[in-house]
Amino acid sequence: MTTTSLTTTTTPGRTAGAAGRSRRHGTHLNGLPWILPAFVFVVGLIYYSVFYTGYISTLDWDGLAPTAKAVGLGNFTKMFADPVFWAALRHTAVFYVVTFTVQTALGFVLAAIMHSRVRLAMLHKVVIFIPTVLAPATMAPVFRLIYADDGMANWILRHVGLGSLAHPWLADGNTALPALMLITVWQWTGLTFILYYAAMSQIEPELLEAARLDRAGNLRTLWYIVWPGCRGTTVSLAMLGFIGALKTFDIPYLVTTGGPYHSTEFLGTYIYRMGIRQAHIGYAAAISIVLLVLAVAGALIIGRANRKGASA
Amino acid sequence: MALGAAASLAMVALAGCVSTSTNGTGTATGGSTAAASGGTVAPKDLSGNVVWWGYTPGSPVNEQYIADFNKDYPNIKVTWKQTSIDDYDAAVRPALGNSSGLDVYQMSAGSANGGVAVFGGSAIDLTPAVQAALGSDWKSKLATTGVSALTVDGQLKALAAGAVFAGTIWINQDLFDKYGLTPPKTYDDWKNVCATFKKNNVGCFVQGANQGAFNIDTLHAIADNVSPGTFIKATRGEVPWTDPNLVKAFQLWKGLFTDGIMQDGALGQMQYPDANNAFMSQKYAMVMMGTWYSQYLIPNVMQSAMQAAGSTDKPFTMIPINFPDIAGTGNTGSLFGDVDYGQGVSAKSSNQEAATAFAVWLGTSQAGQQAIADSLNLIPALKSVTPNWDNVKLVNPDKQQGPEKDLVQRASAVTDNPRFATINADMNQALMQALSTVAAGQATPDQATKTLQQAQQSVG
Amino acid sequence: MFEVRRRSSRVILQLVLFVLTVPFLLPLVQMVIGALGGIGWRNFVVVWDTGVIPTFFRNSAILAAAVIAIVYVLSMTASFGFSKLRIFGKEVYFWLMLAALTLPEVILLSPLFVTATQLHLYNTLTAVVLPLAALQLPFAILLTRNYFDGIPTELIDAGRIDGASVVQTFWHIVLPLTKPIASAVVVLTLINSWNSYLLPLVFLQDRSKQVVTLLPQFFVGEYTNDQTKILAAAVLTAIPTVLAYVLMQKNFERGLSAGALK
Numbered sequence: 001m002t003t004t005s006l007t008t009t010t011t012p013g014r015t016a017g018a019a020g021r022s023r024r025h026g027t028h029l030n031g032l033p034w035i036l037p038a039f040v041f042v043v044g045l046i047y048y049s050v051f052y053t054g055y056i057s058t059l060d061w062d063g064l065a066p067t068a069k070a071v072g073l074g075n076f077t078k079m080f081a082d083p084v085f086w087a088a089l090r091h092t093a094v095f096y097v098v099t100f101t102v103q104t105a106l107g108f109v110l111a112a113i114m115h116s117r118v119r120l121a122m123l124h125k126v127v128i129f130i131p132t133v134l135a136p137a138t139m140a141p142v143f144r145l146i147y148a149d150d151g152m153a154n155w156i157l158r159h160v161g162l163g164s165l166a167h168p169w170l171a172d173g174n175t176a177l178p179a180l181m182l183i184t185v186w187q188w189t190g191l192t193f194i195l196y197y198a199a200m201s202q203i204e205p206e207l208l209e210a211a212r213l214d215r216a217g218n219l220r221t222l223w224y225i226v227w228p229g230c231r232g233t234t235v236s237l238a239m240l241g242f243i244g245a246l247k248t249f250d251i252p253y254l255v256t257t258g259g260p261y262h263s264t265e266f267l268g269t270y271i272y273r274m275g276i277r278q279a280h281i282g283y284a285a286a287i288s289i290v291l292l293v294l295a296v297a298g299a300l301i302i303g304r305a306n307r308k309g310a311s312a
Numbered sequence: 001m002a003l004g005a006a007a008s009l010a011m012v013a014l015a016g017c018v019s020t021s022t023n024g025t026g027t028a029t030g031g032s033t034a035a036a037s038g039g040t041v042a043p044k045d046l047s048g049n050v051v052w053w054g055y056t057p058g059s060p061v062n063e064q065y066i067a068d069f070n071k072d073y074p075n076i077k078v079t080w081k082q083t084s085i086d087d088y089d090a091a092v093r094p095a096l097g098n099s100s101g102l103d104v105y106q107m108s109a110g111s112a113n114g115g116v117a118v119f120g121g122s123a124i125d126l127t128p129a130v131q132a133a134l135g136s137d138w139k140s141k142l143a144t145t146g147v148s149a150l151t152v153d154g155q156l157k158a159l160a161a162g163a164v165f166a167g168t169i170w171i172n173q174d175l176f177d178k179y180g181l182t183p184p185k186t187y188d189d190w191k192n193v194c195a196t197f198k199k200n201n202v203g204c205f206v207q208g209a210n211q212g213a214f215n216i217d218t219l220h221a222i223a224d225n226v227s228p229g230t231f232i233k234a235t236r237g238e239v240p241w242t243d244p245n246l247v248k249a250f251q252l253w254k255g256l257f258t259d260g261i262m263q264d265g266a267l268g269q270m271q272y273p274d275a276n277n278a279f280m281s282q283k284y285a286m287v288m289m290g291t292w293y294s295q296y297l298i299p300n301v302m303q304s305a306m307q308a309a310g311s312t313d314k315p316f317t318m319i320p321i322n323f324p325d326i327a328g329t330g331n332t333g334s335l336f337g338d339v340d341y342g343q344g345v346s347a348k349s350s351n352q353e354a355a356t357a358f359a360v361w362l363g364t365s366q367a368g369q370q371a372i373a374d375s376l377n378l379i380p381a382l383k384s385v386t387p388n389w390d391n392v393k394l395v396n397p398d399k400q401q402g403p404e405k406d407l408v409q410r411a412s413a414v415t416d417n418p419r420f421a422t423i424n425a426d427m428n429q430a431l432m433q434a435l436s437t438v439a440a441g442q443a444t445p446d447q448a449t450k451t452l453q454q455a456q457q458s459v460g
Numbered sequence: 001m002f003e004v005r006r007r008s009s010r011v012i013l014q015l016v017l018f019v020l021t022v023p024f025l026l027p028l029v030q031m032v033i034g035a036l037g038g039i040g041w042r043n044f045v046v047v048w049d050t051g052v053i054p055t056f057f058r059n060s061a062i063l064a065a066a067v068i069a070i071v072y073v074l075s076m077t078a079s080f081g082f083s084k085l086r087i088f089g090k091e092v093y094f095w096l097m098l099a100a101l102t103l104p105e106v107i108l109l110s111p112l113f114v115t116a117t118q119l120h121l122y123n124t125l126t127a128v129v130l131p132l133a134a135l136q137l138p139f140a141i142l143l144t145r146n147y148f149d150g151i152p153t154e155l156i157d158a159g160r161i162d163g164a165s166v167v168q169t170f171w172h173i174v175l176p177l178t179k180p181i182a183s184a185v186v187v188l189t190l191i192n193s194w195n196s197y198l199l200p201l202v203f204l205q206d207r208s209k210q211v212v213t214l215l216p217q218f219f220v221g222e223y224t225n226d227q228t229k230i231l232a233a234a235v236l237t238a239i240p241t242v243l244a245y246v247l248m249q250k251n252f253e254r255g256l257s258a259g260a261l262k
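From first to last, the protein sequence lines stand for chains S, L and V. According to my numbering, the first sequence holds residues 1 to 312 in order. According to my numbering, the second sequence holds residues 1 to 460 in order. According to my numbering, the third sequence holds residues 1 to 262 in order.
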């Protein structure tokens, strides 16, 4: 009958006068109580750290000494003149673009295949999934063995006739980064797979039926119906991938330690190296602040681009 | 009488608890040093709970030390909290700010793994306690390297358990015998040995050149071969890195790569576990490790290490040799090292007395130091202690005892050739960078040493 | 998604799947070879003999369950709010939460440690559960919000017209539709909690409270690094998560075929 909210314990009903204006998203019901617990929880626990980091970024401190030197924006000016910082940014950017593209494509295709009638689906799903639960710390030496001069990678290349490509992958600054990107794809495609699999299940079967009736082939259906249907997932992955790339630490640090000679240095590894290994906490905090700004900005841009695309 | 003493001790300890939790100064305050500084050693019936943080040598060895400690101090309960060596700095940092959960913690010379320069500020001065234990001439009883490296601002922040020295290369004697080779003494020897091994599909020399610390060892050895003592002078700023002797050292370092001594892809490998496993599984015949490798002269330790490397062979005979005279100067046999780790007591600890008793025991008592010496992986801090060769069983005593005894003797005699103590974190990074860029051909020795000198000057 | 009528298409599809999946298998093979090195099967026995595996597993399970519970409840309710309800300054709240995701864990250690000790939570699982949940939440909300956007508002209006309260609508109508994304969120949170390393390392001191990620510590020393045992431990640790995943997948598929969507 009426569309005013009935009082419950969780919604101190506040009718907003405008009755039942059902827009695409959202009704006139107040959603604040619904998001407040999550918001308070996250912000309460983490924001102290954010402000603390911001404060430390203005110091020249080793994290333990009772006194620290205040240097204002000194850490930031040093950072912008630091070639390693810019190298790390470059690597992060390349890393993001390549791994996002490959992981998304692979995850999407695999999810599509798994939604079809194939044999041994569960086995394949498990194989793709296992890498996501293996700690990078444990797999790092395994990958150094695989990429070694006499390791599995070169062995395979030699046995399929591509022996000329055999290379000490991790010892060469030019090939170390691609090698790491491959490890990352191995590790995280399982994640994109799971998400796309869930998203595809939300696509109405009628749409697919309609496409079939129109004699659309598999690939056309995939591109024109399934892919746009998973748009939300793709956007989420883009945002998370962006933030994740900025924070990347485990694989580059554990496999190559940012080397050889900084050719696999990332913002995440640089922060760790500066903060923990070289005890320049203030500098590390400054880089973290820049990371935070870049992350939020990037996610915002991706979100905005998405909304523009959606409302077009 | 005993009751009265115990009661007053308890009050003293309590007083210590209260005062230490409110001030974080670097010296022990109030009652907690009354027992130690007044010239008396902590009594054997002292009780307390001590949490011991560290990264080495790992269970069950640490529990062994604790069990030995409890023979002297049965009422002090020590719990060992292990972190891996890589995470130690990140994990111990926040724990040091807490007044419970950390009482004794490990520190090292240099800048890595609890470097005393950074972490010493959170520890109390152990001088009074050491004085009580060893008397006023305590300094002459302990290895100088351990004492000086762990002293900050005149305060002894940690007591060394023992020292490790580098500069040696360990070879697989069995493999050498198999192909009729003798340990190389010159550069040409080395190249010939490697050529023979290569012909027989055996790896020659292996190094994890992605792990900078061990590259620095190699550079130090080469530099000492070219001109003894120059490397240390450079780290102290007394000699510029652009000194021709050091440039020559970098050139020789590069030569190891271009002349095929270093294995292919060395820059992509770590010393642990990659190179270590390669040597232990007998894929390679030579590896550059220091005195800590001596622990593998002991059969069951060696067998475990080989199994850990995936090999089921019987323990093979390995012996230490001097770094070959690749510069042709005749200066060989250089050993450099510093304290591997020492125990310090947190100034915020509420169990300082018991904690100090433990730290002092491990670093100065005959029992503690003998246990350490007999495990062969450390040169003990207490000068009067040497490995008890009757007790220590070796894989191949005929071939190994001689070289090992000689090594221990020479290492104990080293007084001023630190390994990492004079290299701070930033210089450590700069050296690693220089070494890998030269090895990869990204920079010439001239360029690299110029960059190093700049780094040295900006760090002071 | 692919409709494969002809036998040859089925074969091709199966082949494509195989070719795509094999590269994932290779490092796993290398890992198992490594776990069986040295003393072979006995590596697993040695790992088991450390005596801590049941305890560590139990603690990891408790940790994961607690984090999943918090993340699930808070992300479902928050996403419902963000997606379907009216909130003043909704986007600001959202982006503020997302910003919390961006700091590297290593930077959070010190301030979190201070908080934990002030609240007397040092050496408790709670000290690990709370920050982990807080770090996972923005991610989960991002995912579930998108999913909620895909649920037609008409459904909710229908419920409201029938006189149901917001909560009842949420509970009876919306929630059952979220099975696919819920199971994804559960699995992902499980992965992240199970693999969490740095926070447990710093906050959990007693052996009785530690988690499986700290298992390799037993086999890594200053100059030792027992790969065979570490890899054996990794294999043992991975098994429960794989089992959980398989169960979730089966559950989710059953939910689908029960017509949960319409």
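In case anyone wonders, no lab produced these hints; they're calculated from the structure. Cβ atoms here follow ideal geometry from the backbone N, Cα and C, with glycine treated the same way. There could be a bad hint or two in this list.
[What the hints assert, rightly or not] With a Cα cut of at most 30 Å, we get these calculated DSSO-like pairs of lysine-lysine:
| id | chain 1 | residue 1 | chain 2 | residue 2 |
| --- | --- | --- | --- | --- |
| 1 | L | 77 | V | 90 |
| 2 | L | 248 | L | 77 |
| 3 | V | 90 | S | 308 |
| 4 | L | 393 | L | 283 |
| 5 | L | 139 | L | 399 |
| 6 | L | 233 | L | 450 |
| 7 | L | 71 | V | 90 |
| 8 | L | 383 | L | 178 |
| 9 | S | 78 | L | 450 |
| 10 | L | 254 | L | 77 |
| 11 | L | 405 | L | 393 |
| 12 | L | 178 | L | 139 |
[What the hints assert, rightly or not] To give an idea of the interface, some chain S residues facing chain V are shown, with a C-beta separation under 8 Å as derived from the structure:
| id | residue |
| --- | --- |
| 13 | 84 |
| 14 | 86 |
| 15 | 89 |
| 16 | 98 |
| 17 | 213 |
| 18 | 284 |
| 19 | 290 |
[Said to hold, decoys possible] Reference listing, derived: stretches of chain S covered by chain L, where coverage requires no fewer than 3 residues with Cβ under 8 Å from a Cβ of chain L:
| id | segment |
| --- | --- |
| 20 | 164-175 |
| 21 | 276-282 |
| 22 | 295-307 |
To see whether the hints hold, each was checked on the structure:
1. 77/L with 90/V: violated (55 Å)
2. 248/L with 77/L: violated (54 Å)
3. 90/V with 308/S: Within the cut-off at roughly 18 Å; holds.
4. 393/L with 283/L: holds (26 Å)
5. 139/L with 399/L: violated (36 Å)
6. 233/L with 450/L: At roughly 16 Å apart (the allowed maximum being 30 Å), residue 450/L and residue 233/L satisfy the hint.
7. 71/L with 90/V: violated (66 Å)
8. 383/L with 178/L: At roughly 39 Å apart (the allowed maximum being 30 Å), residue 178/L and residue 383/L break the hint.
9. 78/S with 450/L: Judged against 30 Å, a Cα distance of about 21 Å means the pair holds.
10. 254/L with 77/L: Roughly 52 Å separates the two Cα atoms, so the pair is violated.
11. 405/L with 393/L: Measuring from Cα to Cα gives roughly 13 Å; hence the hint holds.
12. 178/L with 139/L: Violated: residue 178/L and residue 139/L sit about 48 Å apart, past 30 Å.
13. 84: violated (17 Å)
14. 86: Result: violated, 19 Å to nearest chain V Cβ.
15. 89: violated (15 Å)
16. 98: Result: violated, 16 Å to nearest chain V Cβ.
17. 213: Nearest chain V Cβ about 12 Å off; hint violated.
18. 284: Given a least distance of 7 Å, the restraint on residue 284/S holds.
19. 290: violated (11 Å)
20. 164-175: holds (count 6)
21. 276-282: holds (count 4)
22. 295-307: violated (count 0)
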